[in-house]
Structures are given as C-alpha cells and as structure tokens.
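There are 2 protein chains.
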Amino acid sequence: MTDTVKFVLDESRMPRHWYNINADLPVPLAPVLHPGTHQPISADDLLPLFPGAVIEQEMSTERDIEIPGPVRDVYRQWRPSPLYRARRLEQALGTPARLYYKYEGVSPTGSHKPNTAVAQAFYNREAGIKHITTETGAGQWGSSLALAGALFGIEVVVYMVKVSFQQKPYRRAFMESFGAECIASPSDTTAAGRAVLAATPDSTGSLGIAISEAVEMAAQREDTHYALGSVLNHVLLHQTVIGIEAREQMAMAEDEPDLVIGCTGGGSNFAGIVFPFLGDQLRGGKRMEFIAVEPAACPTLTKGRFAYDYGDTAHLTPLTKMHTLGSGFVPPGFHAGGLRYHGMAPQISHLADLGLIQPRAYEQLECFAAGLQFARAEGIIPAPEANHAVKATIDEAMRCKESGQSKAILFNLCGHGNFDMQAYTDYLGGKLKDHEYAESEVAIALAGLPSITR
Amino acid sequence: MTDTVKFVLDESRMPRHWYNINADLPVPLAPVLHPGTHQPISADDLLPLFPGAVIEQEMSTERDIEIPGPVRDVYRQWRPSPLYRARRLEQALGTPARLYYKYEGVSPTGSHKPNTAVAQAFYNREAGIKHITTETGAGQWGSSLALAGALFGIEVVVYMVKVSFQQKPYRRAFMESFGAECIASPSDTTAAGRAVLAATPDSTGSLGIAISEAVEMAAQREDTHYALGSVLNHVLLHQTVIGIEAREQMAMAEDEPDLVIGCTGGGSNFAGIVFPFLGDQLRGGKRMEFIAVEPAACPTLTKGRFAYDYGDTAHLTPLTKMHTLGSGFVPPGFHAGGLRYHGMAPQISHLADLGLIQPRAYEQLECFAAGLQFARAEGIIPAPEANHAVKATIDEAMRCKESGQSKAILFNLCGHGNFDMQAYTDYLGGKLKDHEYAESEVAIALAGLPSITR
Chain A
582 MTDTVKFVLD ESRMPRHWYN INADLPVPLA PVLHPGTHQP ISADDLLPLF
632 PGAVIEQEMS TERDIEIPGP VRDVYRQWRP SPLYRARRLE QALGTPARLY
682 YKYEGVSPTG SHKPNTAVAQ AFYNREAGIK HITTETGAGQ WGSSLALAGA
732 LFGIEVVVYM VKVSFQQKPY RRAFMESFGA ECIASPSDTT AAGRAVLAAT
782 PDSTGSLGIA ISEAVEMAAQ REDTHYALGS VLNHVLLHQT VIGIEAREQM
832 AMAEDEPDLV IGCTGGGSNF AGIVFPFLGD QLRGGKRMEF IAVEPAACPT
882 LTKGRFAYDY GDTAHLTPLT KMHTLGSGFV PPGFHAGGLR YHGMAPQISH
932 LADLGLIQPR AYEQLECFAA GLQFARAEGI IPAPEANHAV KATIDEAMRC
982 KESGQSKAIL FNLCGHGNFD MQAYTDYLGG KLKDHEYAES EVAIALAGLP
1032 SITR
Chain R
582 MTDTVKFVLD ESRMPRHWYN INADLPVPLA PVLHPGTHQP ISADDLLPLF
632 PGAVIEQEMS TERDIEIPGP VRDVYRQWRP SPLYRARRLE QALGTPARLY
682 YKYEGVSPTG SHKPNTAVAQ AFYNREAGIK HITTETGAGQ WGSSLALAGA
732 LFGIEVVVYM VKVSFQQKPY RRAFMESFGA ECIASPSDTT AAGRAVLAAT
782 PDSTGSLGIA ISEAVEMAAQ REDTHYALGS VLNHVLLHQT VIGIEAREQM
832 AMAEDEPDLV IGCTGGGSNF AGIVFPFLGD QLRGGKRMEF IAVEPAACPT
882 LTKGRFAYDY GDTAHLTPLT KMHTLGSGFV PPGFHAGGLR YHGMAPQISH
932 LADLGLIQPR AYEQLECFAA GLQFARAEGI IPAPEANHAV KATIDEAMRC
982 KESGQSKAIL FNLCGHGNFD MQAYTDYLGG KLKDHEYAES EVAIALAGLP
1032 SITR
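Going line by line, the protein sequences match chains A and R.
Position 402, counted from 1, in the first sequence is what the working numbering calls 983; the numbers after and before it change by one each time, with no gaps.
Position 2, counted from 1, in the second sequence is what the working numbering calls 583; the numbers after and before it change by one each time, with no gaps.
Please note that a few of the clues may not be correct.
Which copy is meant is left open, because identical chains are indistinguishable; a pair holds if it fits in one copy or across any two.
[Unchecked claim] The list that follows gives simulated cross-link-like pairs (lysine-lysine, BS3-like), each with its CA atoms no further than 30 Å apart: (1) K711 - K988; (2) K587 - K711; (3) K587 - K743; (4) K867 - K988; (5) K988 - K1014; (6) K587 - K1014.
Just so you know, these hints were derived from the structure itself, not from any lab.
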C-alpha cells in the first residue's frame, strides 16, 4: 500500500486576505440590475438585506481583501484544511497523473460552506444585527449559517423547502442543535408563504419560495438581515481561502497544477479553489485548465443561456447576467442537492463566456461510481456534489494513462458524504437512475426570461 | 468572542510507539481463562481468531510497542488529531478552569475506532488473512473496520444486530460504500444464527448473538480471522496514540492536566487518552485524577461486580476478570449505543479496583443537554457517547467556579454526532427519557456468573 501524502500548512500561514477576481477580469462584469427599474442597482438598494461591509465586498474591485481577525479565529478551528496527494487512487487507476485534493470536509458542518457563513455572521454582528434569515434546500448551507450564528450570538431563521424539511429530519436537528429556528416553507410566517398556501395548500415548496420568505422577513425587520450561501461575488470571495491555501500546499509538494477541477451548483466551491490560480494566470502566470463540473440534469453552464435573469422564482431578487436555465425551471430531484440551481454565479458565467474555464456535465450514476472508487482508495466518502469533481478527475487521470502524460490535477473535495447516506443507500441498492435533461421545460423557462439587452 | 486555540502536532511528531500499561501495573492483571477448562489460556488457543502479532500484544508486558510503518502511513491521513482549548466554553460557563479536548472526530469514520481497525487490518494482511469477521451494534466499529479492510485489501464481513440493521440503513450503506458485506444477525450463514432463528424466528438480535456468528465464521475458515473493537488489551493499546499525542500537545500549551476524562463502554477511548498519563503517574510522575464516565442505565464500573465473566451471551469467548453486570444482562436502548455493553475492559476494571481511576455515571438527558451546550460554544456536535465526557467536564468546571480553583481538565471528544442525529432529533423533540437502572435484571444476570475464584 502506498503512503498517505498530506500537506499541512502551519496555522501561521493561514491566509490573511481573500482574493477578489474582479480586480483581474479582462472584461468587467455586467452590472446588477434593480428588479423594478432594470437600472444598475446601488449599494443603498441592498442595505435592508446586507451589512455595508458585505455590500462593499460585493461591488469591490480591490484585489486583496483583509480577513477580519475574529473570522480567522473561527477559521482556525479547522483551517488550514489539508491537501492530499491521492497516491492510493493513482495506484488503483495506474495513472501517471499526479492527483491532489483539497479537503473541505474537515469543517464542523462537513463542507466549505462555513468559510462564508462565518464571515457573513461576523459582519452582521458588527452591524448590530440580531437575526439572519436564509433559505436552505439540502441543508448544508443552513447548517453552516446555524453554526456561525451560534458562535457570533445571532439568531438564525432557516426557511427549509418543505419536502426537504420532511425528508431530512437530521439536517433540521443539526440546525436546531446549534440553536437555529427551522421553518418549513411555504409557511404562514410571511405574506409570500401565505399566498402560496392559499393557492396551493399542499405545496411541497421550492428554493424560490423559500428565498422569497427569507427576503421578505429580513426586509421587514430593523435588526434582521438576509444571507445567501453561493452565487454572489462576496460569497465566492470568502471561499478563495481554499485556493490560496491550496496554492501554498502545492508549493510544499514542489508541484503546480496543470488542471484544477471543481463541481458547480451556485459556483462557490469551484470559485474557491479556482480563482486564486486563475488570477495568477490572468496576471501572466502559468496557464492552467479549469474544469467546472455540473450535473447533466441541470446543465446551467453547458446548456443554459448567458442572459439577465432573477435569482428566485418569485422575481424579488435583483437581475444578474448569468448562465441560466430560466428562473422558472425546477431541476429534477437528483441527489446532489447542492447543484440543483437554475442559475450560476455571475463571475463564473462571465469567465465561462470568456473561455477562461471549461464546463463539463456528467450523469448522476457515473458520479456515484467514481465516488465509491475514490472512497475505497482514499478512505473518504465524498458528498454527491463532490462526486462530480471526482468523476472528472478520474476521467482526466485515465486520459493521462492513455497518452502517457503526467499532469498534475488538483480538485476540490468540497465536502464529505456523512449526511448523504440515503443517496448511497439508493445507489448501492440499485434504486438510483439518471435523470433526462428536460429540454422542453428549459425552453419554456428560457422563453420567460426578461427582455434585457445589455 | 474568544479565540480558537488549537494545538497541532507536526506530522513528524506522530507517535512511533503505542504505550502498554501492562508494563507499569502495580499488580498484574488476572489471567484470561479458557471457556471450557477454566485454566489460563495460551497463545495457541487464540490463533484461529487473531494473527500472532496481535496475540503477542494482547499478552505483552513490554512498555513501548512499535507502530508499524504502514499503520502510521494510514494514521497520517488524520493524525496527529487536534487538541483544542475550549475557550468559548470556558467563557460561556464563567469557569476559572482550563478546559482542553482531544478531537478524534477528524478520522474518516468520525471516531477513534480506526486507530485500532487500521492496526488490526494491517497485522491480518501480514498474516495472509483474506477475510475478517466482526460484529457491530451502533455501527461505528463496523464502519471503521470496513474502511481499514478497503485500505488493506481485506474483505470485511460485519454481523450487524438485526434491529440496528433495520433502524440504521445509513450505517449499513457506509460500510457497504467501503466494500464490506453487512449481514443482519441472527442470520442463516452460521449454525449459531440458524439455531437462534429456529427457536425465535422474529429475533431482533443482540450483540452477543452477533459475536457468536462472527467468531464461528472466523474459527471455521483458514483465511478468515475475527476482530474486536474494544475491551481487549491490544485494542486499548492501539488507542494510546490519542493520549501520547495529547501529552505532547498539553506541553505545547505549556500546561499539564489535573484531571483527565473519558466515557467508557468497552473502555477503549478512555484507555486511549488516560493510559499514557496514568503510566507517567505510575512511574512517579504527576498525580492526576482520571474519571471514567458511564451511562447510569448500564453502570458497569459503578454498580457491576468485579468477577470472571464471558464477553458474549452465548459463552463462546474466553473468561476475563472484569466489572460486569452479567453477560445475560441486556442494557436498555439508550442512544449512546457504543456504551451498551455488559462488561468493561479487564485493564480498566483492574485499575478501578486498585482505586487508580474514578468511575462516575450520568443519565442520558443531562448528557444531551451538556452536549448541546458544548456544540453551541465550540461548534462541534458530539456523539452521544462523548456527551458523557462533556457532562463530567462541565460539572468539574462548575465545581472549579464554586471553589475558585483553576484546574486543567482534559477530555476525549472521541467522535462527532453526524451519524446520531436521530438521537438529537428525539432529544430536541422532547421524546427522550432517562432509563431506570434495571437492578433486579442485573441481580439475575449476576447470579448466573460462573463460579470461579481466583
């Protein structure tokens, strides 16, 4: 058996700044538009929802943004996270490729999400905020914000899509263990929720409805803000701590990636590992390939349109230019719940449009097979989302085997699968199937896009 | 908010030896007896079940036993594990005590169990063994052996108590994800299982039956051995890597514990953190207090008898002198499944009998309350077993607050609660209750002890 090869950064070398890719974009992002006026939005428009410091980050083009001391203090509980060379997987595949993975499953909630949850809770506490509302589907984001709220003394209210609330009682218990309130959405606590219940008393909810409820609650109350777990610039910014660490750890390994791989739902874990390397390239550094892996049943980057769209189904959020399947599109119920979003982060969409990152889509079953192959070699069962990155990595490693090339491939193992054993139970029991891409439903959803040409 | 204070040992300082407390016992352990003859057992008697290297460790009085290179290579995936100062919990309690915890939840299966699973799988592979059988109740041990088997190319067969097999499909999926075979016990794969099924077709199984099935299967086949996850000397030995690391980390903190706390089921995680410190004391080092915390509904150390008893209900195992509630006693179904064992490790029983460690028992509900208090301060939800150690730590910290003493208290956070959210769901939903200690059932079980006076 081959050695474990682990690269651990000393705590003293944990990043002091996040990296803002807006500073290095060859073409700036399209502006965010107000949902009512379709004119570029101002910082003031966002103040009812977010603290000033977060809005500033959302709009900033400053390259290095300081990580506040109290955020670093919490990060230090699990950061710097380890980076491994997957020597046992290399051996199992018989590939000449050098495979590396950054492991974010060491956080208390088992994924990368606390990197931004902790930062957002800190800025809100600094702004005197007592309550934060949010939505959650699979529950990974809600759990992370619940944790961050407990640490910063902020009450967290999570609107959880009703069907998940019923099917995932453990995720609810996890959030409640940290003192968060978890409400099945649609609920009678908001006008948006009551309207849905009046029309459809047995509604099982959707992420779109849950966002509407969380936003409504936050907008109405003085001491209450809203938080989002992906998509927005500031969220992706907070995740860059992953790639900044990985860059140092690759240097410890005396290696440099030729290829960096991450899965993409809203885009935050992909951005986290890729942006620091891509930024180096944009400033004249080594050229690398960057592969964004998405589910074939929700192929935002590979089949979506790059256009202005809303972030929610109820059209309460600002309009952003992004790859979208249409905000009316409801992705099928595959198990990588964190990748079931109709849109994609504007920054990632923009980079894909510029040809700086390569999107790729995989089916569910081949991703689970890859995940189990990884688990049996490396000892960690990945989250279903992360299996997409594993699959692309194995494919690239096998391509190296065919060509005899020895590429260095780095991927983000953004979370473990401890809370996803139902998915593995179904897979192992032969009960999972691939979901066809709902081409006609997407066509209908895309026909409903607002007509904005900028 | 107070800083995270984490002590990380450099990989180069990961222990090279396990510590064998048999070398320093003031009075030697009572001999292990053959179940048939009641005479001291020989190494040869154990050869059908365990590899020679493991039997040697079981009987050794050598103080430092080298950890083989390939075992250290796997350990390095998550070891050295972190030791934290619980500053946020101290602050929440307002205690002058200095609270530290060693965190074993960073292993791939989320507990300390892989420390011995990896070692046992290695020694079996060296002995040319192709299959290992074992039993599991809650599933933590079975998961860890499944992981170790995957890494060393050994096929693992886990007899899982039928009621757990049905109630904990996720644990089964976890084991199967690593390629292990999981069989509901009683099963028709063994004579022992068939006998039970013939007499009680709807038997929900017990740990005792599962042990009989695993032992029978191992004894019958040339290339098959059996493995146990706690109780035996070699298992406790492998866990001492925890305490050896903790001792170095306490030195990094420029502190030394006055009090070391662990929960006790079979005894392995308690031994892991305590024995290295206790060994120092036995050789003339600093006097410390050692608290073994057990569930009040299965109070082996606090109410059991120190006598010869069998390890299983079917009386196939050797007889060891230990604190026992009687091998016929079936503990009630409280949620700390890892602490539901009628006996206690002979080494720990012996040390308790010598007055070198202090046992203490707590009820289930007060342990869950302590666990949630810990989670909200420190960000980690403990396993229900570990909550017993948390409860004792908080009690001792509050005692310090009353007395104004500033003791250094170290406890073993032996696992996280990610796979125990049903227990938290029940607790948060007000559905858990304390279990009365079944005094009369224990009296009946104790009456059935074999009459051996040594």
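Here is how each hint holds up against the structure:
For the homomeric pair K711 and K988, neither the shortest alpha-carbon distance inside one copy (49 Å) nor that between copies (35 Å) is at most 30 Å. In this assembly of identical chains, K587 and K711 lie within 30 Å of each other by CA distance solely across copies; the values are 29 Å between and 40 Å within a copy. With identical chains, the CA atoms of K587 and K743 are never at most 30 Å apart, being 41 Å at best within one copy and 39 Å at best between copies. With identical chains, the CA atoms of K867 and K988 are at most 30 Å apart within one copy only, with a shortest distance of 14 Å there and 54 Å across copies.
In this assembly of identical chains, K988 and K1014 lie within 30 Å of each other by CA distance neither inside one copy nor across copies; the values are 33 Å within and 57 Å between. In this assembly of identical chains, K587 and K1014 lie within 30 Å of each other by CA distance neither inside one copy nor across copies; the values are 35 Å within and 44 Å between.
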